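Visitor: Single-letter residue listing:
2 protein chains.
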Amino acid sequence: MDRFEVNNGELCLGGLPLSQLAERVGQTPFYAYERQHMARRVAAVRAALPVGVGLHYAVKANPMAAVVGFVRPLVDGLDVASAGEMKVALDAGADPRQVSFAGPGKREAELRQAVAAGVLVNLESMREVGLLAQVSSQLGLPARVAVRVNPDFELRGAGMRMGGGAKPFGVDAERVPAVLQAVGQAGLAFEGFHVYAGSQNLQGARIAEALHQSLELVLRLAEHVPAPVRHVNLGGGWGIPYFPTESALDLGPVSVALLAVQARLAQRLPSARLVLELGRYLVGEAGVYVARVLDRKTSHGQVFLVTDGGLHHHLAASGNFGQVIRRNYPVAIGNRMGAPDRETVTVVGPLCTPLDVLAERMELAQAQPGDLVVVFQSGAYGASASPQAFLGHPACPEVLV
Amino acid sequence: MDRFEVNNGELCLGGLPLSQLAERVGQTPFYAYERQHMARRVAAVRAALPVGVGLHYAVKANPMAAVVGFVRPLVDGLDVASAGEMKVALDAGADPRQVSFAGPGKREAELRQAVAAGVLVNLESMREVGLLAQVSSQLGLPARVAVRVNPDFELRGAGMRMGGGAKPFGVDAERVPAVLQAVGQAGLAFEGFHVYAGSQNLQGARIAEALHQSLELVLRLAEHVPAPVRHVNLGGGWGIPYFPTESALDLGPVSVALLAVQARLAQRLPSARLVLELGRYLVGEAGVYVARVLDRKTSHGQVFLVTDGGLHHHLAASGNFGQVIRRNYPVAIGNRMGAPDRETVTVVGPLCTPLDVLAERMELAQAQPGDLVVVFQSGAYGASASPQAFLGHPACPEVLV
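Sequence lines, in order, name chains X and B.
FYI, the numbering for the first sequence is 1 to 401, going by my numbering.
FYI, the numbering for the second sequence is 1 to 401, going by my numbering.
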């Protein structure tokens, strides 16, 4: 975990002590994302990538306009998952040639918007070929397409598998030749392939293995392409550690694999550029969620810190977003960092539901009403992936510092 | 399950065939809630309640303004969980004297709004006594309060336990006398008690047992009150069946218990009115979520129906809201009800995440793109409890028919 500065026992974000930042925001709860942290992370990734490998940012991880605007010039392109995200990417100044659009259920209107914008569409089914052919002829613009392949292997070690076996994502490898033929017949502008095996992987060796497997799959399928392959997106899925049992991803094996993959790609498909798309890995550790302690209650010997923030803003930290067993995100009392007096408490939110828990029986600095609870590792899949309207509480502001 | 009308193989809502309703809404996905269904349900509850027992609607279950406006004249009061919900209740024309406000983490500004509105505040801690005393003196209005008690028993059979053991909700029973004393000293307008043991209970006998236990607890605590008890809210927690293994709640034992509880209350605390608050039970079965099939894909022999709706609109149906093991909500192809050709399919949404599943390997009528997938039991904790901004898709309209 790449940590934030601490000054006089207070967490600092973007150079501001947390309590001052809360005053600047004018309320709690809020999300804060640190520019410097993101820039450091992008630099570390660049250092691990062979020269020439494209680095894309997957907007879905954190679509805040200011974040996308900050990250955009640091990377080579943006990946979007809806027309809404495409708008964010284009508003941020992305070159449409460097924007790609994936998603298993794109609406016809979205495909039309994508063609009008000139972004690359990752085809997920034969249906999309037909729709894009229509739209292309109506608009007089050939749709730019890549084929998203459901790989015939699984990304071992992934928190969420998105390829291998029966999946709604992409086209099964054995059906890809037929789709490629249809793409050619429809006169779409074929540009390459997209293979995404899974996300939140913390094992460098597994990611390396998947990169090799993905490349071999692409090379096999490339025998059927209707035009030269220019773009090979081998996904991302690089994880960040959320729980004490997890360690940061070792980029060493990934880096080695990328060198080999790039060399082999250059030899076999010289017109193709290798691209990676990373979301959570670029921004997840750069953000925190901050809530204020409203009340300190004891019930049957257990101390509860009741805060003004909870699952309506941070569903994942409450354990209700993909987790089977709830585990505590890293949490601290941000204005009492390193305080010697500690105690075991449960941190809850303001909602009338037992699901609204930010930390369960966790050892934290002793806190009082007014103190600031910080949930780390909250820069990705936080604000945008939470039921903000739940129980009628105000939406959560986000700041980039 | 109180079912909807089916006409010529098509589900009808509010008298409209589903496909026509979709045209009226002008898009998919959408939520639709049926007035008639809610009215029938309220009538059934009234029939089971002894005369004189107050019936409140818990706005959190479905805070759509039109729903609250429709239900409000059918019930005796509204319960809210935030200042946002209080606004919805007052906008719907609720008499503030019949509105109560519960929540373990009420912000000071919310308490101020509650006192200014004249609603009943369910006190959840000693802190709230102090804050309300301040606010009352500043506004020159005595805060109306009830004490929410964390019961010293558990609601057996509840899907979610909200009382018994260490809990952030309410005041532990043994601490209530001290809170009552503080309420009296602070000059707050004491009106009664609130006991809520748990939610989503399908066992009438267990609810009956909890009603008896709650009443005895209230009678014990009533020895310490600073003013006559006028209001005894014994909660609700009546469940609805979501899964094939579940059966509808039998109101028989609940009805019998309420008669006995009401009689004992009348004898011991003649000034007190017994009140129940129901949310999900009144509106949960009256609503459906409707999404359109965009694509029909086969992957490794499995059929996927890819729809334009998913977890961003209906988190609970995806299994990511309190469930440990994902189970299918009741789902049907709404324009092919009773069709003889059936098949086992997985229904997914448009999101790039394997969590976005509306039905997993479920037998449904054979469907094609354009068909309408209906998720039943979706009138409560649907639209408002889902991460609607996730992945940049448009928010979901709701209609009351």
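Everything labelled a hint here was simulated from the structure, so no lab data went into it.
Predicted model only: the values in this text are computed from it and were never measured.
Treat the hints with care, since some could be wrong.
[To be verified] To be clear about the criterion: a stretch of chain X counts as covered by chain B if any three or more of its residues have a C-beta under 8 Å from a C-beta of chain B, and this derived list gives those stretches: (1) 159-171; (2) 182-189; (3) 206-220; (4) 234-247; (5) 305-316; (6) 342-356.
[Unchecked claim] Anything over 12 Å on all C-beta distances counts as not near chain X; from chain B, calculated: (7) E23; (8) R46; (9) Q138; (10) N150; (11) R156; (12) A166; (13) R175; (14) A182; (15) Q185; (16) A227; (17) P253; (18) R273; (19) G309; (20) A365.
[Stated by the list, open to error] On the chain X side, residues computed to face chain B include the following (Cβ under 7 Å): (21) S271; (22) L294; (23) A385.
Quick reminder that beta carbons are idealized off the backbone N, C-alpha and C, glycines included.
Visitor: Hint by hint, say whether it matches the structure.
Guide: Here is what the structure says about each hint:
1. 159-171: holds (count 8)
2. 182-189: violated (count 0)
3. 206-220: Result for this restraint: violated, n = 0.
4. 234-247: Answer violated; 0 residues pass the 8 Å Cβ test.
5. 305-316: holds (count 5)
6. 342-356: holds (count 9)
7. E23: Non-interface label stands for E23 (chain B): nearest chain X Cβ at 16 Å, farther than 12 Å.
8. R46: holds (25 Å)
9. Q138: holds (19 Å)
10. N150: violated (6 Å)
11. R156: Holds, because the least Cβ-Cβ distance between R156 (chain B) and chain X comes to about 15 Å, which exceeds 12 Å.
12. A166: violated (4 Å)
13. R175: violated (8 Å)
14. A182: About 15 Å separates A182 (chain B) from the closest Cβ of chain X, which puts it past 12 Å; holds.
15. Q185: Per Cβ check, Q185 (chain B) is outside 12 Å of chain X; nearest 20 Å; holds.
16. A227: holds (25 Å)
17. P253: About 25 Å separates P253 (chain B) from the closest Cβ of chain X, which puts it past 12 Å; holds.
18. R273: holds (22 Å)
19. G309: violated (9 Å)
20. A365: holds (20 Å)
21. S271: This hint is violated: S271 (chain X) lies away from chain B, its Cβ roughly 27 Å from the closest one there, beyond 7 Å.
22. L294: holds (5 Å)
23. A385: holds (5 Å)
Violated hints for the displayed structure, listed by number in ascending order: 2, 3, 4, 10, 12, 13, 19, 21.
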